[in-house]
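Asks: Letter by letter, the chains look like this.
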Amino acid sequence: MRASGNRTEKDEKMEKIIKGKAFVLGDNVDTDQIIPAQYLTYNPSIPAEYKMFGKFALSSVPPGQMGLPKGHQAFHTDDEFVSPFTIIVAGKNFGCGSSREHAPIALAAAGIKAVVCEFYARIFYRNSVNGSYLVPVECQTRLINDIATGDELTIDLENHTLTNHTTKDTWKLQDLGEVAPIIEAGGIFEYAKKVGMLKS
Amino acid sequence: MAGMTLTEKVLAKAANRDAVGPNDNIWVNVDVLMTHDVCGPGTIGVFKKHFGANANVWDREKVVIIPDHYIFTKDAMANRNVDVLRDFVKEQDLPYYYDVGTENYKGVCHIALPEEGHTRPGEILLGTDSHTCTAGAFGEFATGIGNTDAGFVMGTGKLWLKVPPTMRFVFHGKLPPYLMAKDLILSVIGEIGVDGATYRAMEFDGDGVFALNIEERMTLCNMAIEAGGKNGCIAPDQVTLDYVNSRGKKSGNKPYTVMKSDGDAKYIYEKVFDLSKMEPVVAKPHSPDNKALVSSVRGTKLDRAYIGSCTGGKMTDFRAAAAILQGAEVRIPTFIVPATTEVARGLKTEKIGTHTLEEIFLNAGASIGDASCAACLGGPSDTFGRLNTPISCISTTNRNFPGRMGHKEAQVFLASPMTVAASALTGVITDPRDNVA
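Respectively, the protein sequence lines represent chains A and B. With the first sequence counted from 1, adding 27 to any position gets you the working numbering. Numbering-wise, the working numbering puts 41 at position 48 of the second sequence, and it's gapless, one number per residue.
Just so you know, the hints here were simulated from the structure itself, not pulled from any lab data. Be aware that a few hints might be false.
Unchecked claim - Just a sample of chain A residues kept apart from chain B, beta carbon distances all over 12 angstroms, derived: (1) K43; (2) E145; (3) G158; (4) Q167; (5) N172; (6) E179; (7) T188; (8) E211.
What the hints assert, rightly or not - Mimicking DSSO-like on lysine-lysine, the simulated pairs with C-alpha atoms at most 27 angstroms apart in a straight line are: (9) B:K41 with B:K167; (10) B:K6 with B:K167; (11) B:K242 with A:K119; (12) A:K221 with B:K42; (13) B:K41 with A:K226; (14) B:K264 with A:K119; (15) A:K220 with B:K42; (16) B:K42 with A:K82; (17) B:K341 with B:K242; (18) A:K220 with B:K6; (19) B:K242 with A:K221; (20) B:K277 with B:K151; (21) B:K401 with A:K119; (22) B:K42 with B:K167; (23) B:K401 with A:K97; (24) B:K242 with B:K259; (25) A:K221 with B:K151; (26) A:K220 with B:K155; (27) A:K78 with B:K401; (28) B:K167 with B:K294.
To be verified - Short, incomplete list of chain B residues facing chain A, as computed with Cβ under 8 angstroms: (29) D122; (30) G137; (31) I138; (32) G166; (33) G371; (34) G372; (35) P395.
Using N, Cα and C, we set each Cβ at its ideal position, and we do this for glycine too.
Just chain A, same shape as in the assembly:
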């Protein structure tokens, strides 16, 4: 799991294979649900405060929507800062509402490496890509009825597939498209250096 709070140490290159347990959410998960406004007083640029975002990630999701299909599932179990789940699977319009970059930061601080959903709200998507917190992937069909919280998943970003090892299903994912070079570079700053816009 990526060390929280120190993104400078992470690999510059995108991980092509992401494995882990799924945490399943519904449609229109807004950024107030992902990280409520009362925790926005922490400054994500300060490592000791960065990890607090992991602690409060998803803390305003209505209990019945937490970890579908059953709901009422804990996102954190033993560790209060980091979740045992690695991949969020959601319905449509994930990350709508406020522009707070604290939302992808909170998920990354909790150990989430990728989100798979039907489509994203624009600002959350940009923040995830440009800040290189997690990989926002789009699926081709609605998957929240086919994947249960706790299922073991593998995302293969090279071949654009998602495998559910628990149910033995595999689905095609959308290509990352025009943002792939930014994701591969590790965010907008690294991308700008690579293409010569910024000095290395």
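We have chain A already, so just place chain B on it with the hints.
Replies: Same frame as chain A, now just chain B:
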């Protein structure tokens, strides 16, 4: 050459191109970068990390910093964040900073920006807040971005953007006296859904729009984000220019370019509304697209009323509310929060009959808070008007997501200032047609 929409024209100009079309990825030159106390410290952190501890912002004249979110609180971290802004402004010698605790303090950034002359037609305004789209009412491209993007802009003055296709919403006819811009935009969001404009521009057009004052136009554009829109916009007319010109000297009278959509511009969607057929609406919990006609939810019990925010805390909003609350008494706790200190001064000076708006609100039994974002987004537990228990509130704000105004199980109904004021008098959802002739 095919015609372009207003959004496309502004983006083309900022990219130094003759033309752009939907889905083009372009690098634009930014005219104004705005940040506040919630996202400023993170933005400054990103800027320093990537450009160096001694780096200077790309253009001091183009960075505007407006603390507004967590201001009147004892929360030490929130106050620390304002200190971070203050130190940065001093270090960079930034001319446009509106500090807490001084006469220069303004309040909600989206209303302070135009008041202080930072919104101009034809420009690119990026801000670390999703309601930055409010400024599209001035015929510019304005949208919300995150800390990383803002840190990048702070150092380079540039950002990549994808040109959105434009949706056009046309309003015809005369606005009935019981309707406000809030009813119009809630109707639009109810029609297309909270993802109906994702990755798209929303242009508001028609004689019904151009008959609105500038504040009501701002309300329309403000909630474009609630439909997922990248930006909202309205072509500038004389009303726009009169406002912009009257404020320009506060920010150095910078020149601007007036642009409008071409007659043959391509829209991805068009919808025409007849104002005479529209009704007051609310958005029921817990989504801004959960539209209901006020007449269909009339009588729903409420615990609180809230009038404030960038969406519903401007002079036009309070004028409408005061006309209903005048000489009456509220039945439920009612919270009034002017968006800015200029609006707060307006409440003290503007009168209906012999009473100021402030007197009307106080005489009606409402409480008035200091200018800031306050309980629109919950905030620290001592925030004025915050829903600390699972109660039911009717509000002129913009979002009713679970937990948005504080308690996760609180029920928030979004409505126009008229509907909120009418409901405050009865303690149940009330149709403003019962109060407004």
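Asks: Are any of the numbered hints broken by this structure? If so, which, sorted upward?
Replies: 2, 3, 9, 10, 11, 19, 20, 22, 24, 28 and 32
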